[in-house]
Amino acid sequence: MATDSNQQDYRLPANSFLATTAWKVSAALAAVGLVGSIAGYAADANRFGYSYLFGFFAVTTLMLGAMFLVLIQHMTAGHWGVTSRRIFEVFMAGAPVIALLALPLLAGSMSGRFGMYDEWRLVNGPGNHESSGHGEDDHGGAAEHSALTIGAGVAHAQEPEAAADEGHGAEHGEAHAHTPQEQRLHHRTLQAKSGWLESSVWVFRSLAYLVAWCLIAFLYFRWSTRQDETKDKMLTPKMQNASYLSSFVFGLTLTFAAFDWVMSLEPAWYSTIFGVIIFGGSAIGMLAVGCLVAIHLHKHNLTHGAVNGEHINDLSRLMFGFICFWTYVQFSQWMLIWYAGIPEEATWFHRRWQGGFEWVTLTLIFGHFVAPFFLLISRVQKRNLGWLQKMCLWLLVMHVVDLYWFVVPQAHTPAQLDAAVIYDLAALLLCGGAFFTFVLKGFARFPLIPVGDPRLSRSLHHHQTY
Amino acid sequence: MSDDTPIYEIGETYLLPQGTTVHDITEAVARVTETKAPRGWWICFLPSVSLLGLMTAVIAYLLAMGIGVWGNNAPAYWGWDITNFVWWIGIGHAGTLISAILFLFRQKWRTSINRFAEAMTVMAVLCAAMFPALHTGRPWFDYYLFPIPNQMDMWPNFKSPLMWDVFAVNTYLTISVIFWFVGLIPDFATLRDRSETMLRRRIYGFLALGWRGSHRGWQHYERAYLIFAGISTPLVLSVHSVVSFDFATSVIPGWHTTIFPPYFVAGAVFSGFALVMTMMLIVRAVFGMHNLVNIRHLDLMNKFMLGTSMIVGYAYAMEFFIAWYSGNPYEQWVFLHNRAGFAQLDSLGNWGPLWWSYWAMISCNVLVPQIFWFKKCRTSIPIMFVATILINIGMWFERFVIIVTSLTQDFLPSSWGNFHPTFIDVGLYLGTFGLFLTLFLLFVRWIPMIAIAELKATLPGAHPNLHHHHGEEHDHAHASAEPAPAE
Amino acid sequence: MSDHETTKKEPKVAEKRPALYLAEYETPNAVAKAAMKVRDAGYKSWDCHTPYPLHGLDEAMGLAPTKIGVISFVCGLMGLIGGALLIQYANNWDYPIIIGGKPPGSFPSMVPILFECTVLLTGFGTLFGMLHLLKLPMHNHPIFESDRFAAATDDKYFISIEVADSKFDLTKTRALLESTNPSHLELVQEEVL
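Chains as they are written, first to last, in the numbering used here: chain A, 1 to 466; chain B, 1001 to 1487; chain C, 2001 to 2193.
Here chain A stands alone, though its shape is the one from the complex (with noise of 0.2 Å):
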């Protein structure tokens, strides 16, 4: 029971499982990921590409999504996220590591050890404005040469009177040997953006969006966790105030990552709601570790009833909501593609439905929407928290999916599923326990909720009206 933030230090009990293990246990997992990782890029370096990439990606979002949480917190200045608002301000000052980790990612793309985002590097590279200016010799295997003919299919479908001649574009894909011609449009529309999407450019911005994270993370939490030993009432105003610069920043660099990072792997593809779609996925991750977070400091009374199953409940609505938002954003895009079936954007969906792809996707329907939506509706389903605790690992296991569906089928055209996935998941391994290593590091070096903040004591209180 929680009656005086004062007496209580708020602090992780020294000898409790997520001061002395759970950490060790990342890190050993982030070891074992790394082993895996090493035989996956000796054994296919520019499939592992996609590997890191995808595991590299699924730990951004869940950083985004927890950054995004504090910045909302502080905009809205509501009182009931204050207690559990330290859990994502922990997850979002991993930055830093998400900063490490981006490292192999710009270097292998650099060097080109990565493929994944050659095919506009090739476009704008010497003698390719002639025909068929490279086979497989010229760049490494038959994958990306493939590539090349499902994205002249969609160059192809865009040049009107390519179109004309050879009727649907679409069916073109893996079926129809690509011509020199279909070759020289593709490639014309891709030298179009050869300027945003060449390598030092690329890699520039990618700075760029690292560093802004890292900033907002660090300044954020130096604030916060200044404010757990000063008591500075101003502070709060001061984060208000910044949050709205921050979240624009925040915004705009989530969707250009986005489009960068994972849009650019069809460089010829493209999708205006992409980078909504990304943050929603990216809330829903967070929220649904921050609720396991937080079920287990109230499970083991880490907090003193601090965080409670009402901060919880809220958490867990909060997360349904997005959950909401995420199929509306994934369903407008799919079906506004779907429904007018141009070729040039229906390829991206085709991959994703073919190659066993066609189960992840079916996967990402029902496992995270329709079940979770029927078994989150209720409130006792919510307030019942061994329960939400299994909802929340499994949202977890959807949003990692998520993203999976998201990458990796760019890695074989025509798509498919193919035994990587275990370099795949010693990807995420790696990327995954090294960010839990630090994560779980901080959470035993500051006070489990921001006990300087002024509005902690009605959060203490805070019980749902509704």
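Hint data in this document are derived by calculation from the structure and do not stem from the laboratory. Just so you know, nobody snuck in bad clues.
Derived DSS-like pairs: lysine-lysine, alpha-carbon spacing no greater than 25 Å straight-line: (1) K1376/B - K233/A; (2) K1375/B - K238/A; (3) K1375/B - K233/A; (4) K2016/C - K2167/C; (5) K238/A - K1303/B.
Predicted model, so just to flag it, every value in this text is computed and none were measured.
With chain A's structure known, arrange chains B and C on it following the hints.
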């Protein structure tokens, strides 16, 4: 409980003036319906009825002559009519947002404005529905749109986005009316119990359904209200999403873009909020509601508009960026030439003919709201009054730009054309303002324009402070009165 | 502080019988504390009347959680199924149409209408479910015989205990209510028809 008290250092204040009692609220709100209408009301009402008359005349003429009297013609098959439809529907969305979404987020300040905004929803949707209904050409056959067995033995095509619109708009209207009415039941009972005349007692008594303020009733009522808020939230998203599907399922450049659904919703909320502000500033002045809707509410609403303006700005930026990024020549043409009016000249050397409407949209929707970064602008009534009107003009232009610039110059230069509105277009648009304002003014005159019961519940000390004897793990001394968030 | 007279507007020579006790309180705390006493005394046919919903009164009155959510959910499900059947029947079975290369019953194109139907029926279910649970509309109720009761929709808080309650007793119930310190207590009578 100390939790009720605002923390002044961080800018929190009480929402309502301190010392406001439960009875004060009853008086302030119910009095409006019981006293004679102030002169300001008549000053607003007479022009509104005149505009309503204009609308009737225009519709009569339209029905007599056919919709050829509108400016729509090949290739701009949609013009002002659909622009107005989308605009009016968008206006309605703010009402649902305030009543449902802010309710779910427990933003207590909404109680001063939600009734008001809900009424605007109902009236705006009525105005909106008129345009597609007339656009069918023979509105007396509009029942073909509903799945009613008819003499042609045909069913509607449920795969058509226009059919989705029929369902979405009608569901929206129905649920909005129900939600509004459910919120009104306790307030009708208040009016009933204050009635001096038999007629008032009868009418309000009938509408109050025999409400007794019973707590057994309140228990169900509150949950029902929560459920209505819960279904209205996705509903309001779905309505403008479906409206956006009318455009985005097509392959017209500038229309077929995946961000349309959330972008339309954000725009709708944005414009609706602006109109709520405009109307509220007028009503507040006319009826002297300065205490219940005070500068703190207005400040919060202005912040909200700034936020939605940023979301709308994000969508404009994404559209523009992706139009370039796509490498699709038609998208690029529509955005760079038809809309922005720069970068490309057409074969005749003309600038895009409607570039000014695109830039009017950007100025009003993205640039003007930036003034709300400054507290001085957020708390100055003349400034916000002008700004909200500009925002509404901008949001009208948004729909106009989307519809007309995409339709008039798309794929084939041989089928390009221009759009010129007629007086009938203008008259009908102005006329719907007459319908809207007339209904609205009747509403503020006869129906409690502020949710009496809900507002009472937000007063400090409005709720019992009980300490339970049976072992509950948390006490129930919750923060019953939410202080206003920091400014 | 009490009067046994019914407060009727026209003192007709109608036969009257007691209908309920009506106790009036000035503050939310007073009514909530009184409600706990009445609850603990074991009454069933009683109620609190307040101008706005008082939080915490559910527990003070010992009310079971409302079931309206179930009604809404079931109605919503009916809307979903009904909408699906409507589309399937109209566009697939009775008069199949293929438009835009989309076969009858293409799922993505059904979603918007399925959603609207679900929401519509959920809304109806909630409205009528609520009216059913509230037993409204009920325009005539003996409680309206009290003149003071008009304040229940303004700024006063009331507790009513009905004669229908098995524990109702003119003196004992009165004593119980008096022990809760109401600012006013009356026995409301209704006309015998």
